[in-house]
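There are 2 protein chains.
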Amino acid sequence: MRKVAVVGAGMTRFGKYMDKTIKDLGREAVEAAMKDAGVDKSQIEAAMVGNAVAGLITGQEMIKAQVVLREMGFGDIPMVNTENACASSSTAFHLAWLYVASGMYDCVLALGVEKLYHEDKRRSFQAIGSAVDMTMVQELLKATAARGVSAGEKPAAGGGAGAGEKRSMFMDFYAAGAREHMKRYGSTAVQFAKVAVKSHKNASLNPYAQYRETYSVEDILNSPMVAEPLTRLMCSPIGDGAAALVLCSEEKARQLTTKPVWVTASILGTGKDRAPGEPGVTTRMAEKAYKLAGVSPQDVDVVELHDASSPAELMEYEELGLCKLGEGGRLIEEGITEITGKTPVNPSGGLLSKGHPIGATGCAQLTEVFWQLRGQCGDRQVKGGNAKIGLTQNAGGMMRGEPAACTIHILER
Amino acid sequence: MRKVAVVGAGMTRFGKYMDKTIKDLGREAVEAAMKDAGVDKSQIEAAMVGNAVAGLITGQEMIKAQVVLREMGFGDIPMVNTENACASSSTAFHLAWLYVASGMYDCVLALGVEKLYHEDKRRSFQAIGSAVDMTMVQELLKATAARGVSAGEKPAAGGGAGAGEKRSMFMDFYAAGAREHMKRYGSTAVQFAKVAVKSHKNASLNPYAQYRETYSVEDILNSPMVAEPLTRLMCSPIGDGAAALVLCSEEKARQLTTKPVWVTASILGTGKDRAPGEPGVTTRMAEKAYKLAGVSPQDVDVVELHDASSPAELMEYEELGLCKLGEGGRLIEEGITEITGKTPVNPSGGLLSKGHPIGATGCAQLTEVFWQLRGQCGDRQVKGGNAKIGLTQNAGGMMRGEPAACTIHILER
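Residue numbers (my numbering), protein chains in the order written: chain R, 1 to 413; chain P, 414 to 826.
It is possible that some hints are incorrect.
What the hints assert, rightly or not - Here are the simulated DSS-like pairs of lysine-lysine, each with C-alpha atoms no more than 27 Å apart in a straight line:
#	chain 1	residue 1	chain 2	residue 2
1	R	LYS3	P	LYS672
2	R	LYS288	P	LYS416
3	R	LYS291	P	LYS454
Treat the hints as calculated values from the structure; they're not laboratory data. These numbers were taken from a predicted model, which means no experiment stands behind them.
Could you build the full structure based on these sequences and the hints that come with them?
Below you can see the structure in the form of structure tokens.
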């Protein structure tokens, strides 16, 4: 397998774009990525495009890649539509990496694009809801209806299942996980709130973020309860957006830039029924990635992880080996994952505040880490521009308590 | 890039399965393919799964691969959901090939699975309808409504757009293409009918075919008109089904079988806006495939091609180089593409009669060619079991007169 570099990335600001189509959003991200890479359309040899729910939101169930890219004049290059729920576009990136690593192509585009907003918000949540085995959803819908749960006004999607009008059922999974973590390890709602404070603060420094307001711990805790202990401001919102990256062979990258960022691990895995005590899919895939890249968690300078809820971020610190099991709370208390800390996590603002247009999220995480390693993140830049190793973790869907899909990417300059 | 072999394939009979889920259909095909390959689940290292419209038909918009395969116990192997309309599962096969060819994995599963039947047939056609740019569909819907076209009772889908209750708007594209061919080259409705006679006869010999009745030229011509000159029996039906293949590295294949079938070309391309006189995407991709495999059209012993309508088959003879432009009619008149002919085409019965559950079709074509090259097709076996080179052509979606996606695969034993 050949070395593969990222040479450019671009994205839209995440947000609510009722008047824009996936074609508009995708085009903006792709043009920005090509400009950043210094390539034109004639150099792109293939395109992998991740999207999860455009069929249900926009009616474009099929050939989304072609609809988004066709008019941009890429000619008859291979285009593949990939889907792995919230990990749809990191899956697209993985396949773009594979095309280049295999030796088949020298310059490949990866794009994630999503519209979640719909005039009828129930439709947004119902769309997100199909990221689980639908037979499971039917049971959960019944259980939720029986409890009569409702939530605040800010729509809290979080890559989750859609039941009620104003929230996502996936938050029930996250809330249950958070309660279990509190019970077992003594983590607290205040710690979960501190994660959210950090995310919103980081997003306030990120012009691509959907929500740029800052909040105090009290603000977070006092926002409407979604599912104990998750408040609204601990949950990722719904949103629209796109992100794209250009991947190249080493030779091509050397022609294009003096600042290539290498993909030293591209791992995709699937959730399974675990044996008792067996670690989760994030841990299992992260271990493969560290081994492949020849780095340890302590070597990582910047992380973008899948904080569909703020307790999830704290647990993922542990799952990624940034600390021992049960120590996630300590990391946030000690400021280790702040932009100024030893291992900055989600300097972009993460899913929580930068936003989570689900099929765009994976490529957006990779874009942020790429920009961080290039030292071009302005006010939210980590390590004074000297970060060398970055990691992304992106999870999608849910089957019996474990994400259906999980990707880990390690990028190095 | 390494040599890649197919070592096993399996499929369900295509048909109408109101009581079966995509999980049921997928499992049946995968178990059959693994049995055929002589591998168990522990040997499968990744799975690529093509599906087009389960979101609209069953509500399972996301993580279809995981839903179908999870309970079969494959563990945490990479799974990717791919979509390219009617070419969804040949795209999955292409990516499975890429995984093996790259050296990343030694044994990968490709699966195509689809349910098109829905209690409300309009929903089936509407689902199929999203295989075009939806802005285009809106215009076509208006045009069709203005003409008030209706069709016969057998639902004619043909990988096309859904407008009316009983037919697919894609047939308007095919009908227009057929009329143009008649005008330019003198092909006739009788020739189109002869293609359909052949398909239905072949399907009558195929236990996996959805429609196994045989018809005369008169039967075909006298069946209800769908869109001049297409009658109902010249159009592929809607259906449910699944097909799967196991792909291996050379070393692994040698361990498993004495009869590997090699993938000597795996080409995926996208439709584009053509220059005047420029050949279509099928021709362009076929030329790449022939060059890569080092064979000519005349070397090919068996073809499975995308006969969403019978005139399309005749035109694809030409596009694939089996004859010169305008000579498609001669090929069917002279029996050259019969099972007993020099270049048998669609011995399975093709989309027209074997059926066309769109996301399953690509893998089903590859399964048929694999079985033909292994000499295990019984009554429909071509070349007395001595076929050495086979080709599949699978097209998906439509954008401004050209398929959105097109794959060409060449298999050799």
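Hint consistency between LYS3/R and LYS672/P [alpha-carbon to alpha-carbon, up to 27 Å]: 35 Å, violated
LYS291/R paired with LYS454/P [C-alpha distance capped at 27 Å]: Holds. LYS291/R to LYS454/P sits at ~25 Å (cutoff 27 Å).
Straight-line alpha-carbon gap LYS288/R to LYS416/P, limit 27 Å: It holds: about 26 Å lies between the C-alpha atoms, which stays within 27 Å.
Going through the hint list in order, the structure does not satisfy hint 1, though it satisfies all others.
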